[in-house]
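S.K.: From just these sequences and the hints, can you work out the full model?
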Amino acid sequence: MEATLKNLSSTIELLAVAARSGDVRLWDRQSLSRAFHWACYCEHLFSKYHQNPQIRGIMEIQLQHTNSRLRAVFADYADLSFLDLSHCQHLLLTGLLNNPNLPLSIMKILFDTTKPAHVKPGEYQDSTGLCSRIIQCKSAHKILSPLTCHSGVSAEVQGTFLNKSLHTLLSQGGEPCRAQCFLDTVLQGCKGAEHFYLVLAAALLTGENAHAQTASVDFLQDWLQQNHSLLQHMCFTLPTSILKNLAREHIKFRDMYCAVLKKWAADMEYCVDDGEWTQSATSTTVSFQEVTERFVVLFEACPTLRTTVEKELNDLRISDGDFDVRGLSVWGDLLTEIPYACGSR
Amino acid sequence: MALVQQTEMQLWLDKVEAWGQARSVNVQKDTCLHLCSLRDFLQRLLMHVDGMSSTTETMKAIPSLGQILGRLCWNPVVTADGESLIFQCLWELYSEHPANALERKANQWIQKLLCQLTTEEDESPSDFLLKHLDLSPTRYHNQVLRKVLLLTDYPAFVCRCSCDRIVSTCVACVPLVTCPEVAPLLGALLQRPLTCAQATLTNDFLDAVSSAYRSGSLSLENQAVVALWCHSLPSLEEAMLGLLESTVAAYSTDVVLPAAVTLYKKKLTYYTLRYNMPRNLNIIYASLVIGRVPLIHSHFFFFVPLQNPLKAFFPHSPPNLLLPLLTQPPGQCVCVCVCVCLISQHTIPCIVQTRRSFLDGVGVVFEAWFVLVQCSHWVHEALRLLATTEARDCHPLLWLLTFYHHPTNRGHHRNQQLVMLSSPNTSLHPLFTSFLSHPSLTSCPSFLPSSISPSFLPCPLSYHSSTLCGNRA
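Those sequence lines, one after another, are chains B and G. The working numbering runs 6 ahead of the 1-based position in the first sequence. The working numbering runs 143 ahead of the 1-based position in the second sequence.
These are computed hints drawn from the structure, not numbers from a lab. Certain hints may be false.
Stated by the list, open to error - The calculated PhoX-like cross-link candidates involving lysine-lysine, where the alpha carbons are at most 20 Å apart (straight line), are: (1) K268/B with K258/B; (2) K12/B with K54/B; (3) K114/B with K248/G; (4) K158/G with K114/B; (5) K158/G with K170/B; (6) K269/B with K250/B; (7) K197/B with K268/B; (8) K170/B with K274/G; (9) K248/G with K203/G; (10) K54/B with K170/B; (11) K268/B with K250/B; (12) K258/B with K269/B; (13) K158/G with K172/G; (14) K269/B with K317/B; (15) K274/G with K54/B; (16) K197/B with K274/G.
Said to hold, decoys possible - Partial pick of chain B residues on the chain G-facing surface, computed with a CB cut under 10 Å: (17) K114; (18) V159; (19) V278.
Note that beta-carbon positions come from the ideal geometry of N, C-alpha and C, so glycine has one too.
M.R.: Structure below.
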């Protein structure tokens with residue numbers, strides 16, 4: 007273990023040197039290759055021990071010591087966490103590319119286009135041509151995407167990995183609080199970004215068929231239920247086609263979405279001047295017509311839901327005074343409009 | 144500016160500005176269509192800049208160079224190109240020992256540009272997500288690309304796909320031929336049956352795939368390679384010449400047999416195609432190639448025992464001749480004499496002389512020559528018949544032997560050679576007859592051992608004489 011910790015420290019120091027030191031001027035092809043090997047070694051350490059709280063704790067202490075030493079050497083040094091070990095190779099690459107002392111010879115190796123080697127997942131990837139491979143993949147994605155008539159592929163891939171991460175946290179004796187903490191951290195980093203909602207939707211949809219991932223999907227839905235504001239933004243932002251798929255695949259999400267729609271309706275006030283129902287309380291600006299159409303789409307996805315929801319809406323209409331006059335009860339007006347909207351589709 | 148004119152620079156600058164980051168399909172399509180000319184331009188630009196003494200001098204001479212390169216770097220069609228010259232142009236602008244502020248600034252700009260290209264993500268939270276999802280950017284982009292490829296539904300291309308989609312996919316794939324992940328899509332396009340004249344694979348696409356395959360930067364399944372050869376005869380030609388060169392190179396060693404077998408396993412099905420070979424077949428190799436072809440042929444039939452009809456291999460040759468001659472070992476062929484007579488008097492001359500056009504003709508002639516070469520026992524029989532037949536009937540046999548050694552007739556003046564050969568043959572004929580009537584030879588059913596290929600000998604007559612001497616000794 008002592009040797010492992012020493013190697014860990016040395017690799018963290020190596021990353022700092024690669025990103026900040028003028029010593030990289032002396033690097034050659036072999037130095038570069040060895041640096042990536044050590045970064046790869048740290049990634050292995052992460053994947054081997056991140057589920058082991060005891061060893062993880064020891065490594066985190068070691069990281070703290072190394073960080074404090076490096077802070078004393080490099081004024082702009084940013085501490086590395088245990089989580090950072092999972093993508094050490096990328097940290098090394100980013101550090102090198104941002105280092106103004108990086109020699110041309112190393113850049114030429116990283117952007118070499120003469121060796122388009124095909125590396126299978128899990129295999130060690132040589133640093134030669136590493137950057138050109140990344141750029142080529144990104145460019146190929148941009149060129150081929152228009153041929154698919156399908157957007158959001160990147161969100162789908164991220165959603166799949168979000169699901170896998172949750173599954174790992176929950177399955178190997180992990181406590182739910184760690185999964186909760188993980189999702190909260192991710193939420194903090196992506197707050198307000200529309201892309202994040204697409205990732206969450208993809209995570210719910212990609213795990214639908216795998217029995218092993220049912221727990222992670224359930225956990226994610228529970229987490230959404232607890233973050234009601236997030237859920238509302240998600241329902242407001244996502245295209246109705248995705249919401250329809252989510253409602254069709256997950257009963258829990260269906261009920262949550264239905265509750266959000268009812269909340270949006272409940273927050274409406276009737277404007278006598280305009281003769282329209284408008285949002286009053288929430289920040290989301292969903293029109294009455296949009297709420298009606300969303301109910302219709304929801305009923306299309308889950309036909310059995312319609313009777314139950316219409317009964318609930320009718321009960322709410324009765325509690326509002328059981329009037330049949332437009333503008334007195336939003337529930338009554340919804341019950342009037344929904345059949346028309348259903349018929350027009 | 145000898146290599147790149149100022150007006151050309153301005154034209155490309157305007158073009159590159161109009162392209163922007165090539166986010167729309169039409170712009171990507173336009174970039175793909177201009178890719179060849181852009182490569183040519185960048186190549187000349189590279190040579191031009193290479194001749195400059197410093198970045199300062201380059202920037203003074205071509206002030207718009209940075210703009211053009213910077214904008215091109217954000218065009219995915221340009222950066223997807225595996226043979227991208229764009230990086231090389233940037234290296235030319237990078238000063239290892241910057242002498243002034245301009246060169247230092249240029250270095251910083253290049254490094255920042257390359258760093259952004261490599262590490263920045265299009266979606267803002269992706270960086271953060273990737274970090275927390277234990278997903279390296281390399282792996283992530285690989286997965287995204289694989290997913291996009293699956294969404295193109297390329298396996299269905301083999302059985303159904305609209306014409307427009309095929310053409311647009313071909314255009315999009317031109318810059319992607321060296322991207323290993325895209326190889327299955329390329330294979331699917333190549334193997335798609337031709338159902339509509341409007342959905343043919345574009346020449347640019349075929350040229351790009353051939354070039355990438357030839358240079359070893361594209362790996363294709365065997366079936367896809369055969370499909371490529373079906374679409375692109377120059378590609379087949381190059382592969383065939385490469386194969387022959389390899390075979391000839393290994394000729395004098397003990398490993399020739401396994402080498403030939405290995406090569407044939409790789410290039411197994413090229414016989415199923417039509418040939419466009421002879422115009423490029425180097426005559427120097429001819430005698431060595433002739434010697435190897437029967438061996439190669441036997442391995443071919445060993446691996447593909449008539450899975451495909453002979454007609455597909457040799458579309459211009461009469462099947463009634465092909466079937467016994469190609470499928471039976473020489474010793475078991477019961478109708479060799481008849482076949483030789485038939486083929487030397489009618490079939491091959493007829494085929495050779497009635498070719499409809501040059502391009503069609505070279506394929507037909509090669510096929511006839513190829514059939515003859517890989518069944519070299521025909522030539523043995525022709526030699527034997529030459530010695531035993533009446534001199535006045537020898538013309539077809541001499542024609543066959545001349546054709547055997549000089550199939551293209553390019554510069555060899557076959558008719559003239561035939562006249563030259565007829566005269567000594569007529570003179571030697573009585574000598575052959577007296578030898579053959581000698582009692583010691585009449586008991587020998589065949590004085591020409593079939594195991595010796597005539598291709599080793601410079602001419603049929605010397606072969607004949609030496610064999611006779613050997614037998615007598």
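S.K.: Keeping to a limit of 20 Å between CA atoms, is the pair of K248/G and K203/G held or broken?
M.R.: With a Cα-Cα distance of about 14 Å, the restraint between K248/G and K203/G holds, given a limit of 20 Å.
S.K.: Against the 20 Å threshold, does the CA-CA distance of K158/G and K114/B hold or violate the hint?
M.R.: Violated, at about 28 Å.
S.K.: Take the shortest C-beta to C-beta distance between V278/B and chain G; is it under 10 Å?
M.R.: 42 Å, violated
S.K.: For a C-alpha distance cap of 20 Å, please report whether K269/B and K250/B respect it.
M.R.: Satisfied, since the Cα-Cα distance of roughly 18 Å is no more than 20 Å.
S.K.: For the pair supplied as a hint, K54/B and K170/B, is the alpha-carbon distance within the 20 Å limit?
M.R.: Status holds; Cα separation ~16 Å.
S.K.: K170/B and K274/G were given as a pair; does the straight-line alpha-carbon distance stay at or below 20 Å?
M.R.: It holds: about 14 Å lies between the C-alpha atoms, which stays within 20 Å.
S.K.: Would you mind confirming whether the straight-line C-alpha gap from K258/B to K269/B stays at or under 20 Å?
M.R.: 17 Å, holds
S.K.: Given the hinted pair K269/B and K317/B, is their Cα-Cα distance within 20 Å?
M.R.: 16 Å, holds
S.K.: For the pair supplied as a hint, K197/B and K274/G, is the alpha-carbon distance within the 20 Å limit?
M.R.: Answer holds: K197/B to K274/G is near 16 Å, not above 20 Å.
S.K.: Using Cβ atoms only, decide whether V159/B comes closer than 10 Å to chain G, and label the hint accordingly.
M.R.: OK, holds: V159/B within 10 Å of chain G, min 5 Å.
S.K.: Quick one, are K268/B and K250/B close enough, alpha carbons at most 20 Å?
M.R.: 16 Å, holds
S.K.: Does the structure keep K158/G and K172/G at a Cα separation of 20 Å or less?
M.R.: Within the cut-off at roughly 13 Å; holds.
Violated hints, listed in ascending order, are 4, 5, 7 and 19; each of the other numbered hints is respected by the structure.
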